[in-house]
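Participant: Residue-level listing of the chains:
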Amino acid sequence: MAPDARPVEGERANTAEAAERLRSLVRWEVGLGAALMAVIVFGIIASSQFLTSFNMFYLNLSIGEIAIMTLPMTLLVVTGEIDLSVASILGMSSALLGDLYSHGWSMPLVIVAVLVVGAIAGWVNGFLVTRVGLPSLAVTIGTLTLYRGIAIVILGPSTISTFPARYTNIGVTALPHTGGYLSYSVGIFIVLAVIFAIVLHMTPVGRSLFVMGANEEAARYAGIRVKRTKLILFVVSGVVCALAGALYTFRLSTAVQNNGIGLELNVVTIVLLGGVSIFGGRGTIIGVVLAIAVFAGLQNALFLTNFQQSAMGVVTGSLLLLSVLIPNLSSFAERGRDILRRRELDAARGAREAAR
Amino acid sequence: MTATADSRAGAAAVDSANARRLVDLVFRIREFGIVAVLALLVLVTAVIEPRFVDLTNIQFILVDATIFALLALGETMVVLTRNVDLSVGSILGLSAFLSADLFGRHHGISIVLVFAVGLAIGVACGLVSGFLTVVGRVPSLVVTLAMLYILRGIDTLVVGGGQVVASSLPNSFIEIPRKTLAGIPVLAIVVAVVIAAGAYYLHSFRSGRELYAIGSNPDAARLAGIPAGRRVFTAFVVSGGIAGIAGVLYAARYGTIDSTAGSGYELQVIAAVVVGGVAIFGGSGSAVGAAFGALLLNTILSALYVLGVSPFWNQAIAGALLLGAIALDRGISLQLAATLRKRRTHLGA
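Listed in order, the protein sequences are those of chains Z and E. This note's numbering puts the first residue of the first sequence at 1, with every later residue one more than the last. This note's numbering puts the first residue of the second sequence at 357, with every later residue one more than the last.
Derived by calculation from the structure, the hints in this document are not laboratory data. We put the beta carbon where it would ideally sit given N, CA and C, even for glycine. One or more hints might be untrue.
Stated by the list, open to error - Computed spacing ranges between beta-carbons, pair by pair:
no.: 1; chain 1: Z; residue 1: Asn328; chain 2: E; residue 2: Thr412; range: 48 to 58 Å
no.: 2; chain 1: E; residue 1: His463; chain 2: Z; residue 2: Arg341; range: 53 to 63 Å
no.: 3; chain 1: Z; residue 1: Gln309; chain 2: E; residue 2: Pro495; range: 22 to 32 Å
no.: 4; chain 1: E; residue 1: Ser563; chain 2: Z; residue 2: Arg342; range: 23 to 33 Å
no.: 5; chain 1: Z; residue 1: Arg349; chain 2: E; residue 2: Leu684; range: 26 to 36 Å
Could you build the full structure based on these sequences and the hints that come with them?
Facilitator: Structure, rendered in structure tokens:
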């Protein structure tokens, strides 16, 4: 009898813990769902064009590459790292793609070369972070400048826009059999999102990412190869961003040195808005996917209301602040209560002393 | 018994003094290293292209470097506390436009008042960043990254498609960066004095030392009774205020201000600070080193220009330098820690 009791108790504790974890996640994602509804209602009120397939296709195009880049970023942030060089890798890939193609390379070969260079760029980030032991924030601020600088060195002031229509069509035509709603970039994103979600949520590797983010030391003592895993994540990030760079170039049918400049903010914003903790150890792909929808919908609705596009930074920045401030709200309330309680105690003590 | 204990305590004291001297020495070597690199750079460039050491070219480099050196002073205060301020470029841009725009709106407005407006704009931005970081408990990276884009967005909305042109600015304002004293730009002298004052404050004032303590170990600093929140908050306000003033100087220096003024400056400033030996993890570095870092970066860019290297290389070189400086910093601190540990073991045996 007695030996049986213990596992049951343990199981009960486990379920309670799991339920608690589930509740905190569900709350954030339900909030995002509500936000998405609000954005859709706002879009419909803002313009009768909002739900048309033409506009939805445009929305798809505007978010595709950003959405793709959020996936490896999610994994990195879950492990407690960050990659601010994503948009620069995109820009460098775009410049390289244009340059190699204009030198007469065949397109499939160019794409392979670009992906390899993306992997190298990611490896450099990962090497400096995991082997040299530098903080990823500092490293990727450096490579943000370096990779963009390489893009400028490759292309200079020139613009290359003589890509074959077979490739640039992805910026004009929708994926077949989707009613003209889905772009190729979003199609690729959906496939990648499924793969990333399975890896993150259903494999031992995925679990180990959460462990690393929650407590790197503990992860190392548990036999997880922290450094190697993080290095691989940075390489994956590089490859995926290079792919995004190719898509970006084909969509606009132009390679310029400043392609995708500043997109790292959008990527980080979406990931944090998706409920991934900046301190690591928490987050879901579903949350990030919802955040992408909220972000893209809001951007698109504002575009339809003739909101000045160049001032989108105000909206993006505010969203970023909100998405990190809101999870802190409960701790604010707690601290406020603490201060009040302390004041009450002080007042009571004061009264007692006065009485004495 | 007492004698042994005393002598052991004495040895420990001597050893800790030695360790401190070693740490001091390493950082002095670090600053000296930057000056040596700077001297070597100037020498080599001057031999290849004598135009580089023209009085006018040197004056240009000094004036350009002063803006970065000022920004680096504010950034140093923030970085010392293990935080980072990425919003300085956007604050500079906003302040540059709004302050220069005043000349067009109010003819004959006093220049002092314009500087005060620039300062106020910067301080306001710093207050917001500091508040969100300290009270909101949001990592400063996220706060100031968001501020970078919000302020730039506000800048774009305010400027619209327009710009301020030099012809709308009074001559006395434009002349500020051009005044010289015995061949040295007055602005460079003033900024050098400001940086010296800042360095003295950080080195010798209690609240200045507390910034180092917070950056070395935030929890220990708090437990030691240091008002960490207030100090970090102040650092952000100072950094913002300095960026505001730098914006007015930018307006005086370049005359033409559109909504992209100062974009990307934050990375150059951080590069300058880190190259100047301020640890990106906080807790060590000096304002003078950061200023020399800014001067070194500007001199490198100018040397590349004079040597006929395409300006397209600028950003790649700045990025590589930043990475190199961070890696070097890491190497030095690891080496230093190892040396100190060896001494301690030696004493134990």
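Participant: Would you mind marking each hint as holding or not holding in the structure?
Facilitator: A quick look at each hint next to the structure:
1. Z:Asn328 to E:Thr412: 48 to 58 Å: This hint holds: roughly 53 Å between Cβ atoms.
2. E:His463 to Z:Arg341: 53 to 63 Å: With Cβ atoms ~58 Å apart, the hint holds.
3. Z:Gln309 to E:Pro495: 22 to 32 Å: holds (28 Å)
4. E:Ser563 to Z:Arg342: 23 to 33 Å: holds (26 Å)
5. Z:Arg349 to E:Leu684: 26 to 36 Å: Violated, at about 55 Å.
Hint 5 from the list above is the single one not met by this structure.
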